[in-house]
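Engineer: Heads up: the sequence lines are chains G and Z, in that order. So the first sequence is numbered by the working numbering: it starts at 1 and just counts up by one. So the second sequence is numbered by the working numbering: it starts at 1 and just counts up by one.
Since the hints were derived computationally from the structure, they do not count as laboratory data. One or more of the hints may lead you astray.
Partial list, computed: chain G residues near chain Z (C-beta under 7 Å) [claimed, not checked]: (1) G64; (2) F178; (3) P182; (4) L184; (5) I323; (6) N331.
Not everything, but these chain Z residues come out facing chain G in the computed CB check (under 8 Å) [stated by the list, open to error]: (7) L15; (8) V18; (9) S20; (10) L159; (11) F167; (12) F168; (13) A171; (14) Y179; (15) Q290; (16) V293; (17) T307; (18) T308.
Computed footprint of chain G on chain Z, listed as stretches where at least three residues anywhere in the stretch have a Cβ under 8 Å from a Cβ of chain G [what the hints assert, rightly or not]: (19) 22 to 33; (20) 268 to 280.
Cβ coordinates follow ideal geometry from the N, Cα and C atoms, glycine included.
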Amino acid sequence: MPGTRGPATVGEGTELTMTAPIKTAGNAPEADAAASPAKKIEGRSLGRIAWTRFKRDKAAVAGGVVVILLILLAVLAKPIESAFGLDPDALNQDLLDADLGGLPFGDWGGMSWDHPLGVDPLQGRDLLTRVIEGSWVSLLVAFGATVLSNTIGTVLGIMAGYYGGWVDTLISRVMDVFLAFPLLLFAIAISTSLQGGAFGLHGLPLHIMVLIFVIGFFNWPYMGRIVRGQTLSLREREFVYAARSLGARGPFILFKELLPNLVGPILVYSTLLIPTNILFEAGLSFLGVGIQPPQASWGGMLQDAIRYYQVDPQYMVVPGVAIFVTVLAFNLLGDGLRDALDPKSN
Amino acid sequence: MFAYIIRRILAAAVLLLVVSAVTFAIFFLLPRLAGETVDQLATQYIGKNPSPDAIAAVKKNLGLDQPLYTQYWNFLKGLVSGAEYKFGPEPATCHVPCFGYSFKNHLEVWPELSKRIPVTLSLAIGAATLWLVSGVATGVVSALRPRSIFDRISMGIALAGVSLPVFFTGALLLTVFSYEWPILDNLQYVNFTDDPLMWARNLILPWISLAFLYSALYARLTRAGMLETMSEDYIRTARAKGLAERKVVTRHGLRAALTPIVTIFGMDLGLLLGGALITEQVFSLQGVGQFAVQAISDNDLPKILGTTLLAAFFIVLCNLVVDLLYAAVDPRVRLS
Numbered sequence: 001m002p003g004t005r006g007p008a009t010v011g012e013g014t015e016l017t018m019t020a021p022i023k024t025a026g027n028a029p030e031a032d033a034a035a036s037p038a039k040k041i042e043g044r045s046l047g048r049i050a051w052t053r054f055k056r057d058k059a060a061v062a063g064g065v066v067v068i069l070l071i072l073l074a075v076l077a078k079p080i081e082s083a084f085g086l087d088p089d090a091l092n093q094d095l096l097d098a099d100l101g102g103l104p105f106g107d108w109g110g111m112s113w114d115h116p117l118g119v120d121p122l123q124g125r126d127l128l129t130r131v132i133e134g135s136w137v138s139l140l141v142a143f144g145a146t147v148l149s150n151t152i153g154t155v156l157g158i159m160a161g162y163y164g165g166w167v168d169t170l171i172s173r174v175m176d177v178f179l180a181f182p183l184l185l186f187a188i189a190i191s192t193s194l195q196g197g198a199f200g201l202h203g204l205p206l207h208i209m210v211l212i213f214v215i216g217f218f219n220w221p222y223m224g225r226i227v228r229g230q231t232l233s234l235r236e237r238e239f240v241y242a243a244r245s246l247g248a249r250g251p252f253i254l255f256k257e258l259l260p261n262l263v264g265p266i267l268v269y270s271t272l273l274i275p276t277n278i279l280f281e282a283g284l285s286f287l288g289v290g291i292q293p294p295q296a297s298w299g300g301m302l303q304d305a306i307r308y309y310q311v312d313p314q315y316m317v318v319p320g321v322a323i324f325v326t327v328l329a330f331n332l333l334g335d336g337l338r339d340a341l342d343p344k345s346n
Numbered sequence: 001m002f003a004y005i006i007r008r009i010l011a012a013a014v015l016l017l018v019v020s021a022v023t024f025a026i027f028f029l030l031p032r033l034a035g036e037t038v039d040q041l042a043t044q045y046i047g048k049n050p051s052p053d054a055i056a057a058v059k060k061n062l063g064l065d066q067p068l069y070t071q072y073w074n075f076l077k078g079l080v081s082g083a084e085y086k087f088g089p090e091p092a093t094c095h096v097p098c099f100g101y102s103f104k105n106h107l108e109v110w111p112e113l114s115k116r117i118p119v120t121l122s123l124a125i126g127a128a129t130l131w132l133v134s135g136v137a138t139g140v141v142s143a144l145r146p147r148s149i150f151d152r153i154s155m156g157i158a159l160a161g162v163s164l165p166v167f168f169t170g171a172l173l174l175t176v177f178s179y180e181w182p183i184l185d186n187l188q189y190v191n192f193t194d195d196p197l198m199w200a201r202n203l204i205l206p207w208i209s210l211a212f213l214y215s216a217l218y219a220r221l222t223r224a225g226m227l228e229t230m231s232e233d234y235i236r237t238a239r240a241k242g243l244a245e246r247k248v249v250t251r252h253g254l255r256a257a258l259t260p261i262v263t264i265f266g267m268d269l270g271l272l273l274g275g276a277l278i279t280e281q282v283f284s285l286q287g288v289g290q291f292a293v294q295a296i297s298d299n300d301l302p303k304i305l306g307t308t309l310l311a312a313f314f315i316v317l318c319n320l321v322v323d324l325l326y327a328a329v330d331p332r333v334r335l336s
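Same shape as in the complex, but just chain Z (with noise of 0.2 Å):
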């Protein structure tokens, strides 16, 4: 099991690895390739019509003239030991870990990212809560009772929440519980730490407009896994020695049929920790979502490199757990 774990960790560790390479060619050298010079890269960073000793000056504290390996040796190099970066008047310090340094406000990209990681987190463990408890609950109890009137309702709802894009649903929450019954206005993002009540109360629209499109999905998706397990024969085995129903459901039925939700779940979240763009812009929430559109609309090379590898973490992160929970729970999982 031990080394199983270990393993599991240094293949994601590689898959990190892997992602940043890619990533960093991708914003890096694919522009490159489209024909945009060293010196149109560094233009950026500095006034218009700039000297070309000015542009050499930038190339050359940028690192932007060594080629690109090297670049993304010192990029891998500052994650772990921080990095120097002389620009402007004084040379300035980034901090372990060193996501890199934005060239256009002459910040560290981390403490600024971390910062609104909360934001997000916030967001996204809600939302996947209420949609987790809601989307199952709902799912097994349709599948018990296939063609009931319970059944056809909530499929019926699910199958229009998943047809529903949540930048409408979120605009139509606003528009009824802001705006024409301000139960719910002045919506900002505070601290958990500061005030819970008011924590929740901020982020109940944004939880609820983004848990219906994910819950309606959990239920379509618990519903044909339950029906799948509870035809198969141990079901009937169990029912045969006289358990109870309810474990037959729970003990058997759910257990088997939650396997596949897991892994979903756990690649929906992760996806979700790097940022949920469109919820975030819909409800004007400064997460890491907003900070990602920011930073791609200024073309600030190194945030969108950080934000992208923050994101790409989170998912690896989520697999990860996922694939160890596995390993704990399912005896079927080979260690070898």
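Extracted from the complex, chain G is given alone in its bound form (with noise of 0.2 Å):
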């Protein structure tokens, strides 16, 4: 616990904690002007205004909505799989007519009602499964890789953006080396170098395991260097001084009085993140060096279509479809949060 740290001051900096302006608050009077005269006027605290700013915004709802929908495909994915007896990774070559060089009877990919979005070519299995499938895969990743890399950035960001000097000039130094790194030509080469097993881990824990350090690990410096700027300005407003006045010492000043004032950036950047992670990894899977068969994923399901897509664009608009359903969904929810929580915006 960094804020165990100062022991003597931990009672009054909680209550600093609570009366600490947040960043917004500075605003108040258009909050205010914004009730009616007419109901009794009552303080409203900034994640009320937002909720109230959001709900009026259609479109972020509705990706809101979708993204919990899709947050609980991917966790049931399993229990539906087993409930409805769906295997991904089922076999129906009575499907595929040989003549045609495997691919199956029927238009539109073999649609039927056994199968809503038809089987794939060679192999006959059923896509709607394999979308499902793929569904829990592409959101770990994503999550995860959007944990790492916020996790780092934002203590790293804080920590360069309180102490200023040395300290900010390492971290900042270190944030330009990884900048310069061309991202997917290294997550390329470290998921392929280390695809035979590491960690003591084979197989697909290993293979998502992978991916979200990959993916994580080298794109810290964009939150870093947002949270390093908000630290910047919030370093010198009155209830940082207030609390160091009161005997409060670095790491519960950064936890404790800074964090709180930074959940409104961090958690719209972590919702706009999202979403470029699941296009990263589904870019990696495209190229084959992430998610690899047999288990189904967005992009390795992108990655075999693409070798039909003359005969029959329906194996590449299903997962494709997917990928953007999803993408989009995430983009909105990230947008609505943007504008709910920012202050200047109405």
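Combine the two chains into a complex, taking the hints into account.
Structural biologist: Structure (structure tokens):
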């Protein structure tokens, strides 16, 4: 616990945190003006204001609903599959036309009641089941990588911004070095070289860990820069001076005073980083260095499908739309959150 | 100003040096820490079941038995003064700039790699021109008429654009224009100097699929930036002193709104020049990205190292150019 250091001030410090002005408190008049004069004037927290604004943004609410449904789908993917007796890797050779080189019988990739989105060529696996199965892989990697890079970015960014001096110089130079790396190239090289086995893991758990690592570990400087910039302006605020004059020290100020005021930007940036990471994971799997077959993943399905784009674009459209809807929903949610939390927007 | 330029160039050179050291460490030190022995590394460069003598010879000839810092130093020396490789029956000379010598196909890395640069350069420059013009123009018009029909439609398209993976749009474009209505089939890279028309015709689909993603991003960024600048006090002042609206928008609004865009543009272009891996893959363009992917799947370390360094060089170069442009254009940049 970072806050436990400097025990003498914890009591006062906690109170300070409660009364410390949240970043947007300076815009309180605007919030008051928005309240109708007939109502009793009551203090509204930043979260309350943001929530009221967010609810008015229909696109953002729609995005949020889809995101919640997608998370539910990803979490429940395995139970759904076993409840309906679906197997993403089950082969249906009887549905394929050997004369056509293993393409499914029927139009639109062999769509039928049993296989609403059709089956894939050569193997005859049900595409709907594979899309469901791909959802948890995609979201797990994207969430994991986002948490990893934002944790590193937040901790280092807040330290660089608050301490300044040589700490800032060192961290900023490290960020420069990271930003000068060709990210995608590195991700491919590292995931290829670790494909055989590492950290005592093999197969799917290894691929997921490697993806989370390569996507998350090289992406942190973006978050670091944002947090550093915000911290630089927060550092000179009165509540930080007050905490310091009461005897609070480094880690306490960093994580109990500054961090709560950074929750807004961190939340917004995380919501917008998740779709980027979903695309990144799909791209790596598309290039054949992410999730490995037979495990279903959206990028891997697109990689399979691109060989058939001339024959039937259906195989490509199914995983493509899955990626599109997911990424779009997260983007809508992120945009809405940003507008809702931005004190300047109206 | 002159001292500032020199300092920026030196800083960029140091940055490249650090990147090269880290890259070297990742590819040569990391496998060793993970448990790979030098013998195993050397075995990759000869046939199966080699004799211990053969392994020892490879290790000695390639310098793999030397400590890593010596190998790194030799690599740096090769970059500026070339190197000799005693591999195979005759010693091979690696000319300046020696990015290394592929032990897999017995060729110098640089001549092979540099052949790929025009392809990636054509792809990146064409797409960048397209997205910069369309993205910024859309963003400006949207910001000047917020909530208008144009704004809503273009921002809707832009939101879709940033949510579509480039390998999906690229494949869709191929399906429509190369297969269903074969207006643009038989896409193969043609040198600009050989036939500029065929060059453009065969690159138009990759350009569009790459530019669609980026122009969506740039339109959103430009719109947000313009909305913010146009509400600044100095815009009101410019209008109050009777300046034509056109001048207010271009000279005052756009100029300020463009500076963050230029920074991002430098980073994006630098990244792309080091290989547009996915676009090259979708359209089978033999650029730097495909070279890297091939090198990685062959586990050809000198090639991977060379490509990574080239990519880092482009990133650092583009950032340097942006920094210097800033210093020239923006009076707020302090040169000391």
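Engineer: Work down the list of hints and note, for each, if the structure agrees.
Structural biologist: Status of the hints after comparison with the structure:
1. G64: Interface hint status for G64/G: violated (15 Å vs cutoff 7 Å).
2. F178: 9 Å, violated
3. P182: 4 Å, holds
4. L184: 5 Å, holds
5. I323: 6 Å, holds
6. N331: Interface hint status for N331/G: holds (6 Å vs cutoff 7 Å).
7. L15: 6 Å, holds
8. V18: For V18/Z, the interface hint holds, since the closest Cβ of chain G sits about 5 Å away, which is under 8 Å.
9. S20: 10 Å, violated
10. L159: OK, holds: L159/Z within 8 Å of chain G, min 6 Å.
11. F167: 5 Å, holds
12. F168: F168/Z check passes; min Cβ-Cβ to chain G is 4 Å, inside 8 Å.
13. A171: 5 Å, holds
14. Y179: 5 Å, holds
15. Q290: 11 Å, violated
16. V293: 7 Å, holds
17. T307: 7 Å, holds
18. T308: Hint on T308/Z: holds, closest Cβ of chain G at ~6 Å, below 8 Å.
19. 22 to 33: holds (count 6)
20. 268 to 280: holds (count 5)
Hints 1, 2, 9, 15 from the earlier list are contradicted by this structure; the remaining hints agree with it.
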